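> Chains as they are written, first to last, in my numbering: chain A, 1 to 318; chain B, 1 to 598; chain C, 1 to 343.
The set of hints was computed from the structure by calculation and includes no laboratory data. Hints may be right or wrong, so weigh each one.
[Claimed, not checked] So these bits of chain A aren't anywhere near chain C, every CB distance computed over 12 angstroms:
| # | residue |
| --- | --- |
| 1 | Q29 |
| 2 | E53 |
| 3 | S127 |
| 4 | G161 |
| 5 | W162 |
| 6 | D177 |
| 7 | L185 |
| 8 | A206 |
| 9 | Y216 |
| 10 | Q233 |
| 11 | L240 |
| 12 | A248 |
| 13 | I315 |
[Claimed, not checked] Using 20 angstroms as the maximum straight-line C-alpha spacing, the simulated EDC-like pairs for lysine to aspartate or glutamate come out as follows:
| # | chain 1 | residue 1 | chain 2 | residue 2 |
| --- | --- | --- | --- | --- |
| 14 | B | K179 | A | E46 |
| 15 | C | K86 | A | E227 |
| 16 | C | K22 | A | E213 |
[To be verified] Output of the computed footprint for chain A on chain B, the stretches with three or more beta carbons under 8 angstroms from beta carbons of chain A:
| # | stretch |
| --- | --- |
| 17 | 73-87 |
| 18 | 162-172 |
| 19 | 251-261 |
| 20 | 425-439 |
| 21 | 458-469 |
| 22 | 493-502 |
If you're wondering where the values come from, they're calculated on a predicted model, not measured in any experiment. C-beta: ideal position from N, C-alpha, C; glycine also.
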Amino acid sequence: MLRYILRRIAVTIPILLGISLLIFVSARQISSPEGQLTLNPRIPPEAKAAYIEALGLDRPWYEQYLTWLGNFVTGDFGVSLVKNGQEVWPIVQSALANTLLLAVVSIAISLLLGVILGTVAAVRRNSIFDIVATFGAFVAFSVPVFLSGLLLQLIFSVQLGWLPTAGIYSPGQQGFDLVDRVEHLVLPGTALALQLIAVYSRFMRASMLEVLEADYIRTARSKGLSELRVISQHGVRTALIPVVTRAAIDIGLIVGGLIVTERVFQYPGMGLLFLDSLFAGDYPILLAVTMIVVLSVFIMNLVADLLYAVLDPRIRFA
Amino acid sequence: MIRESKLIRLLSLVFAFALVAAACGSDGEESSDAGTTETTAASDDGGTETTAASDDGGEPMAGGEIVLGVEQWPECTNPVTSCANASWTQWSSTTHVLPRLMELDVANTHVASPALADAPTVDNGGIAANDDGTFTLTFNMNPDAVWSDGNPITSTDVKFTWQAKVNTTGTLQTAGYEKIVDVDDSDPLVAVITFSENYAPWPDLFGGTTDFLYPAASLPTWDPADPSTADMADIWNEGITISGGPWITESWTTEQHILVPNASYWVEDRMPLVDRVVMVPREDSDTEVASLQSGEIFAAFPQGFPGAKDRLVSPIETSVGLGTFMEGLWVNQLAPGRNFEITQNLRQAVAYSLDRQAIADAAIGTIVDSPTVLNCTGWNPSFGDWCDDTDYAKYVQDQAKVDELLTADGWTRPDANGLWQKDGQDLVLQWNTVAGNLRRENVQAVVVEMTRPFGIGWEIINYDAGELFSNRLPTLDYGPVALFANSTSPDPSVVALYDIDGVPSEENGFSGQNNGWNFDQNISDLAFAIDLEVDPVARLELVREAGDALSEYVPWIPLYLLPNITAWRGDILAGPVGDYANSANGGFANMYDWSLAG
Amino acid sequence: MSLDTANRKVVLSVKDLHTDIKTENGVVHAVDGVSFDLHNNEVLAIVGESGCGKSVTALSMLKLLPKRVSKITQGSVMLGDLDLTKVSDRGMRKIRGKRIAMIFQDALTGLNPVHRVGDQIAEMILIHEDVTKRQAHQQAIRLLDQVGIPNASERADRYVHEFSGGMRQRAMIALAMALEPEVLIADEPTTALDVTVQAQVLEVLLEVKERIGSSIILITHDLGVVAGMADRVLVMYAGRIIEEQSANGLYHNPMHPYAWGLLNAMPRVDEVLSDHLASIPGAPPSLIEPPKGCRFASRCPMAEPVCEEVYPEVIRVARSSVACHFADRPDWGRALWNAEVMS
Ligand SMILES: Nc1ncnc2c1ncn2[C@@H]1O[C@H](COP(=O)(O)OP(=O)(O)OP(=O)(O)O)[C@@H](O)[C@H]1O
Ligand SMILES: [Mg+2]
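Please work from the sequences and hints to get the whole structure.
See the structure below:
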């Protein structure tokens, strides 16, 4: 098991390096801090040149990359190019914490609801419930977050006035306040959960349908178990395995994949940070964000594999 | 396909329903608030057009808290370094807390700020072109002016600001300051600034559109004898801690900016009415509108977005300013993608093939009610009188002119419905803009149809913003035609844009801002002359002369201004909220006069 | 191994059972009027070609067919005084495992892969009996031990994929015998096993039967198995029973032409019946719209026009029965069969 984990990590490192190079090259290609200065007539060429030199943007790209890499492997994320020398790590850390909170809460809720919906839909295949759930999932999945987010805002913030539209705290709030924090989590969490529930319920339904066909379900029934017990103990328990591992992988992906949700809800997480630093050409932040996202994807994939092994006794690592 | 489009229609229906429902609900609340009448009034100065409820809705309350939405949250708040290059750094922070020498009034005209006793003029000896070729400005400081720490605002602060502007690591906006040879601060109430030569755009130094005064006391290690000690790079990056303006920053984070009244402020009629202002980021315009509708933010200063006209409705009130960003077709005469020379005849012919009113309608018709065409080159009608808004008025669609200009240039049009041709090349111009920008892509679509009958074709290649502005524009690797917006300042200094020696090239490391659009020596000379002419009347004449020359030369084709909007909750805020919609200092500039509606 | 069944008590009596299954192509009359009695301590074999309705018959008795697509349309299944076709779901739960248990073909898929084997046995005991978890677990170990699983206390905590084929089926038998049911239904219990292991597993099954005194319905393709352990045999064809005999009787004196075919295959014990029958020209009729006459007619070497027209009456001869128009004509038919197949 340990050897398996070590082997996975060993495989990860070159991939990580490759991705960092790719991100670096494309980030430098797409945008750069000096781009913002192009049209400002009050910036003399010399000042611009000095600025570019101070940021090291005039050096060959591989030198810039190697410098960054050297710092990165020693655990130094460097300083932001556009935030006037602020350390990258604290910035990324707070964004990561925000996104993780959002991801874990919505995934947990989505998993619970998705599993219940998927199970019921599978058990009552082709019933009205199943048809409605299938349609609902299709709609929820195909409505993009910028639209569902806006609808949620219009309904729950503008119309009903129950929940705030954006941010993580009410304006003026200073310091931690649980209720306020949770209130600001509801809408982005729901926007995200709508899609996740759609995915998980479909996934659970398919998995459950397969399991319900299995001989051991018939065996369980032949033992005189109640239908509820057959489905929960023998059906869900087994059907859950691929869904749970999928959710673990999702946590890894979502750490970097919430760009739209975070923008719509002005939620200061990794997606927003990624977007802002991409526009600003702030490659130290961009790279740090990307590396963490890639790492989290790898870690959560590994966790998913381990989880698989824990949940399914048939899987063992060689 | 059919199923999909049905679904989209269904969703749009649901969406529209939600919008209507939202609007109705708000109306319901509004109608109970009887007595509000809507008036549409164009204010005579400042060019703002206000749709506002009259003020008889109730007595304003003193005190309370105002929440404002900020569309682009500054990366940092340092007023000297690159952080200061973003408009919103100024609009959300510096304008409210730092003093200036000259300032812009509501009509974007330079006037003396409260930190000055009076404005320097030639007559009062404040502006002097000396015989040795140097140039001297004398500012009389207002003896009442103080920083929030109690220290007076003096000529020493002016000296410090000059040194900080030039010596701060990462400083960018040094234009003008490098021409200063000395600031005499022997009298704390008189700042005597000596320049190496005439410098006409001086009102934009230490104040004006983007600059401010910094307190010498903010850097205890500053030694006036050693200018290199005036390095402000490491301070004020997360909030400016001192104030010489109506407000003082209580806290600044990446999530909110809290401002409270500066108790030491000496200007009676600019003392804030409310106890606190909280600014929060709202980077997505849909979210910004929703937050306004829900009442979480009371006002915002959004860039004109498509549909603004229809979505910013009661109880949201709006004030629309002409705008400070000019959008047009910039012509790169050195474009690598050109198949023929981009001659003056050709540039004029393109201008004669465009119906610019139709373009303005397509671009900003959903933002404002009656879009106006921009007719001056280089100068913005929102600022001062520099702009003669008739320079380009002659360019209306004219087939005969197009024929004449192109024929004279050696073009032929064998097929009367086809494209012009020369040396086997079709008259097709590559045209770049920002990919995914709906407004600009709309303009492209309209223009392609529009110029077809005139035999002018387009090859449209769009890039994302970073690629276009960071990589292609500075290296002249674009065009011949590009569509984007450019800002101007209230001062007509345009040397950087039209300096014939300022064309970026391999040799000068691609610095300079004349990105391929001016190769006319006369215009370049005029630009320099404008910067050196300190007599306002003579200067205006030069500007007008340059305007005429530019409209013949056609370095670019102005189309329209991007409107600014101040949007606020009329039922929550009271006071002259929309007055500064067209201000270079942003729509929140006068928030000291705002209060909560009773 | 013929037993005198006349004097034995009837444990389970199936009368005129009809089970329909809805499919995309139409309603399959999978069981179309099956009747038989199961006597105390008897081994009753059901043989027949693949798809003839053996499993559906068994599952109908326990009402384990998916409700959405299947329905018992007629007939009764009497367990003592109880008509199982009329028992509620809740009532059936008390029957299943407790009074009628079932053993399925493949224990690898028949036992839940994510639960420990011992737990799966204990689970059933806990449901039906008033015992503690611990007691149920002990009981499960004892049962595993009884079916010959070495080191049962340790094996009980393993998962089914860690068991060999023979052990899996032994565990399945342990599960089925746990509550000492009156009836054990074994649906092809050895098909998935190695030939060498098959005999051992059947041995265990018989042992268990003797110990708990239950009756067995043994569904199989293997006539060797029938000869070895069954008391009586039902021959099914296309949803109906076409011949019922003592095992001995079937072996020595098959009455239905189809049964001759089966016997024809007998010398080669190691081969599976269906392989031989596959070589009979033609295929069994569709069960969606079965022919009105004898269902074997289209493949029968001695068929005459009447066979196509009229379904033969069931003729009872001594304790056997057969449904053939020519049941009274002895051995010549068998000869004909051989000639036909040989040529
Ligand atoms: N769940 C089901 N859905 C649809 N049809 C079914 C189902 N179960 C059985 N059938 C049909 O019922 C008929 C009888 O099937 P059954 O499984 O009883 O055959 P069998 O005699 O057990 O065959 P085998 O020897 O292959 O196990 C077949 O035609 C089969 O296709
Ligand atoms: Mg079967």
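> Now tell me if each hint is right for this structure.
Right, here's what the structure says about each hint:
1. No Cβ of chain C comes within 12 angstroms of the Cβ of A/Q29; the nearest lies about 49 angstroms off, and the non-interface call holds.
2. Against chain C, the non-interface label of A/E53 holds: every CB pair exceeds 12 angstroms, the least being about 63 angstroms.
3. At the 12 angstroms boundary, the C-beta of A/S127 falls inside the reach of chain C, the nearest C-beta of that chain being 10 angstroms off.
4. Every beta carbon of chain C lies more than 12 angstroms from that of A/G161, the smallest distance being close to 47 angstroms; the non-interface claim holds.
5. With a least CB separation of 42 angstroms from chain C, A/W162 remains clear of the 12 angstroms interface cut-off, as annotated.
6. Listed as a non-interface residue, A/D177 keeps its Cβ farther than 12 angstroms from every Cβ of chain C; the least gap is roughly 43 angstroms.
7. Residue-level check passed: A/L185 sits 34 angstroms from the nearest beta carbon of chain C, beyond 12 angstroms.
8. Taking the minimum C-beta to C-beta distance to chain C, about 18 angstroms, the non-interface status of A/A206 holds against the 12 angstroms cut.
9. At roughly 4 angstroms from the closest C-beta of chain C, the C-beta of A/Y216 falls inside 12 angstroms, breaking its exclusion from the interface.
10. Consistency note on A/Q233: stated as away from chain C, yet its beta-carbon is not over 12 angstroms from all of that chain's, at 8 angstroms minimum.
11. The non-interface label for A/L240 is inconsistent with chain C: the shortest C-beta to C-beta separation is roughly 10 angstroms, within 12 angstroms.
12. Listed as outside the interface, A/A248 is consistent with that label: its C-beta sits roughly 18 angstroms from the nearest C-beta of chain C, beyond the 12 angstroms cut-off.
13. The Cβ of A/I315 sits about 10 angstroms from the closest Cβ of chain C, inside the 12 angstroms cut-off, so the non-interface label is violated.
14. The hinted pair formed by B/K179 and A/E46 meets the criterion: a straight-line CA distance of about 14 angstroms does not exceed 20 angstroms.
15. Straight-line distance between C-alpha atoms of C/K86 and A/E227 comes to about 19 angstroms, which keeps the hinted pair within the 20 angstroms bound.
16. For a cut-off of 20 angstroms, the pair hint linking C/K22 to A/E213 stands: about 16 angstroms separates their Cα positions.
17. Check on the stretch 73-87 of chain B: 8 of its residues sit with their Cβ under 8 angstroms from a Cβ of chain A, so the three-residue criterion for coverage holds.
18. For the stretch 162-172 of chain B, the stated coverage by chain A is satisfied: 4 residues place a CB nearer than 8 angstroms to a CB of that chain, which reaches the threshold of 3.
19. Note: the stretch 251-261 of chain B has 5 residues with beta-carbon separation from chain A under 8 angstroms; the three-residue rule is met and the coverage holds.
20. Counting residues of the stretch 425-439 of chain B whose CB falls under 8 angstroms from any CB of chain A gives 0; the rule of at least 3 is not met.
21. With 5 residues bearing a CB less than 8 angstroms from a CB of chain A, the stretch 458-469 of chain B meets the requirement of three and the coverage assertion stands.
22. Counting residues of the stretch 493-502 of chain B whose CB lies closer than 8 angstroms to any CB of chain A gives 6, so the stated coverage by that chain holds, three being the minimum.
Violation of the numbered hints given earlier is confined to hints 3, 9, 10, 11, 13, 20; the remaining hints are satisfied by the structure.
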